[in-house]
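Residue-level listing of the chains:
2 protein chains.
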Amino acid sequence: MALEHAILVSLDERPGTGYELARRFDKSIGFFWAATHQQIYRTLKRMDELHWVTAEEVPQDGRPDKKVYRVDDGGRQELRRWLEEAGEPATIRHDLSVKVRGASLGDPGKVADEVARHRDQHAERLDVFRAIEKKDFPDPSALHGRRLHQYLVLRGGIRAEQALVEWCDEVLAAMRTDMREDGGAR
Amino acid sequence: MALEHAILVSLDERPGTGYELARRFDKSIGFFWAATHQQIYRTLKRMDELHWVTAEEVPQDGRPDKKVYRVDDGGRQELRRWLEEAGEPATIRHDLSVKVRGASLGDPGKVADEVARHRDQHAERLDVFRAIEKKDFPDPSALHGRRLHQYLVLRGGIRAEQALVEWCDEVLAAMRTDMREDGGAR
DNA sequence: TTGGGGTATGCAACTAGTTGCACAGCACGC
DNA sequence: GCGTGCTGTGCAACTAGTTGCATACCCCAA
Numbered sequence: 001m002a003l004e005h006a007i008l009v010s011l012d013e014r015p016g017t018g019y020e021l022a023r024r025f026d027k028s029i030g031f032f033w034a035a036t037h038q039q040i041y042r043t044l045k046r047m048d049e050l051h052w053v054t055a056e057e058v059p060q061d062g063r064p065d066k067k068v069y070r071v072d073d074g075g076r077q078e079l080r081r082w083l084e085e086a087g088e089p090a091t092i093r094h095d096l097s098v099k100v101r102g103a104s105l106g107d108p109g110k111v112a113d114e115v116a117r118h119r120d121q122h123a124e125r126l127d128v129f130r131a132i133e134k135k136d137f138p139d140p141s142a143l144h145g146r147r148l149h150q151y152l153v154l155r156g157g158i159r160a161e162q163a164l165v166e167w168c169d170e171v172l173a174a175m176r177t178d179m180r181e182d183g184g185a186r
Numbered sequence: 001m002a003l004e005h006a007i008l009v010s011l012d013e014r015p016g017t018g019y020e021l022a023r024r025f026d027k028s029i030g031f032f033w034a035a036t037h038q039q040i041y042r043t044l045k046r047m048d049e050l051h052w053v054t055a056e057e058v059p060q061d062g063r064p065d066k067k068v069y070r071v072d073d074g075g076r077q078e079l080r081r082w083l084e085e086a087g088e089p090a091t092i093r094h095d096l097s098v099k100v101r102g103a104s105l106g107d108p109g110k111v112a113d114e115v116a117r118h119r120d121q122h123a124e125r126l127d128v129f130r131a132i133e134k135k136d137f138p139d140p141s142a143l144h145g146r147r148l149h150q151y152l153v154l155r156g157g158i159r160a161e162q163a164l165v166e167w168c169d170e171v172l173a174a175m176r177t178d179m180r181e182d183g184g185a186r
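Line order of the protein sequences matches chains A and B. Going by our numbering, the first residue of the first sequence is number 1, and it counts up by one from there. Going by our numbering, the first residue of the second sequence is number 1, and it counts up by one from there.
Intra- or inter-copy, both count: the list cannot distinguish identical chains.
Below, simulated SDA-like cross-link-like pairs (lysine to any residue); rule was C-alpha separation at most 25 Å, straight line: (1) K45 to D73; (2) K110 to D12; (3) K27 to P89; (4) K27 to I92; (5) K110 to A86; (6) K110 to M1; (7) K110 to P140; (8) K27 to A90; (9) K134 to I92; (10) K135 to R23.
In case anyone wonders, no lab produced these hints; they're calculated from the structure. Keep in mind that this is a model prediction, so the values were computed, not measured.
When you get a sec, could you build the whole thing from the sequences and use the hints?
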């Protein structure tokens with residue numbers, strides 16, 4: 001399981017509360033490892049018990065205390081262990097593909113609409129990634145260490161979203177041609 | 001949840017037992033929706049209770065009866081409903097990206113080795129997909145309906161694996177350059 | 001003849017992830 | 001002065017997915 005490890009990486013960059021971490025997961029890290037705030041709170045609690053992180057209770061005026069977590073030695077050790085461990089290729093769960101494969105069992109036009117919707121969502125996210133790339137990494141060849149690694153992960157996101165947009169376009173073109181030819185050489 | 005729907009799509013193409021379905025998931029459909037035999041057995045049982053599938057018990061000499069499942073009217077209806085439903089973009093869980101992002105907290109060389117391993121696995125799967133494409137779909141422009149949809153899903157797999165191979169290569173090149181320059185302009 | 005691999009089903013226990021809700025007060029706009 | 005949305009934590013109940021094992025018999029090779 002990598003949620004612990006994603007949290008460790010994120011907390012190492014900057015300590016923070018569960019809530020804050022959830023926000024970060026909605027943005028950067030979460031593009032590569034999705035998690036809800038519930039999951040994060042429970043995992044942080046467990047990690048605290050394992051001494052992978054330490055919590056500092058910060059009293060606040062009015063509202064309840066917040067807990068600022070930071071990585072502990074145990075966590076750094078665990079992270080090093082995990083980084084060297086051989087992992088399995090990610091298990092894929094891509095329901096849009098399942099829909100395309102089953103399109104002829106329903107209304108293929110409706111499935112094409114769904115593909116078009118996803119295409120737009122992926123294109124939007126691709127724009128977001130490209131904007132981050134331009135703004136935060138204007139000169140990739142000058143990058144080293146952590147900054148380079150952050151950039152490379154972003155590059156992965158860009159490649160993935162681009163591939164998805166192109167695939168959606170291919171699917172749409174083929175399905176629309178097929179539907180137009182419906183009365184023809186079937 | 002799409003496991004039910006993936007099973008419906010697969011059973012519609014050809015009825016089969018839970019065991020057989022698990023085999024199919026190891027191959028074709030499973031490249032886009034991973035599932036273990038346990039999950040499939042439990043889901044089939046539930047789908048039977050919902051009258052989405054019907055089970056035909058086939059006695060066998062010696063070994064226990066097998067249950068051949070096929071799609072029922074309820075299942076076809078449910079599948080049509082699901083196909084038209086707007087779905088969320090897939091939640092991503094790509095732990096290799098988390099490892100790359102955290103590489104500087106451990107041994108970057110070891111992480112690069114891990115990226116290389118994954119690169120080879122993806123390249124292998126890409127070869128498998130390309131072989132299927134050549135063998136089963138020699139003339140894509142002549143495809144219609146279900147065959148076309150199967151082809152398009154395969155195309156998605158090819159694009160995804162290709163993007164991953166290229167990304168791994170980019171990561172490897174950049175990380176190796178960075179490590180070579182280690183004593184230099186850091 | 002013994003052990004490994006394939007066909008075939010399934011329970012039990014576990015881990016992981018989701019959804020809905022509750023509490024608590026702040027700031028801001030209408 | 002009221003509703004909305006943000007920060008912040010967390011419980012409870014649920015659904016989904018994993019792992020290990022058990023049963024049962026087959027075939028084939030060492």
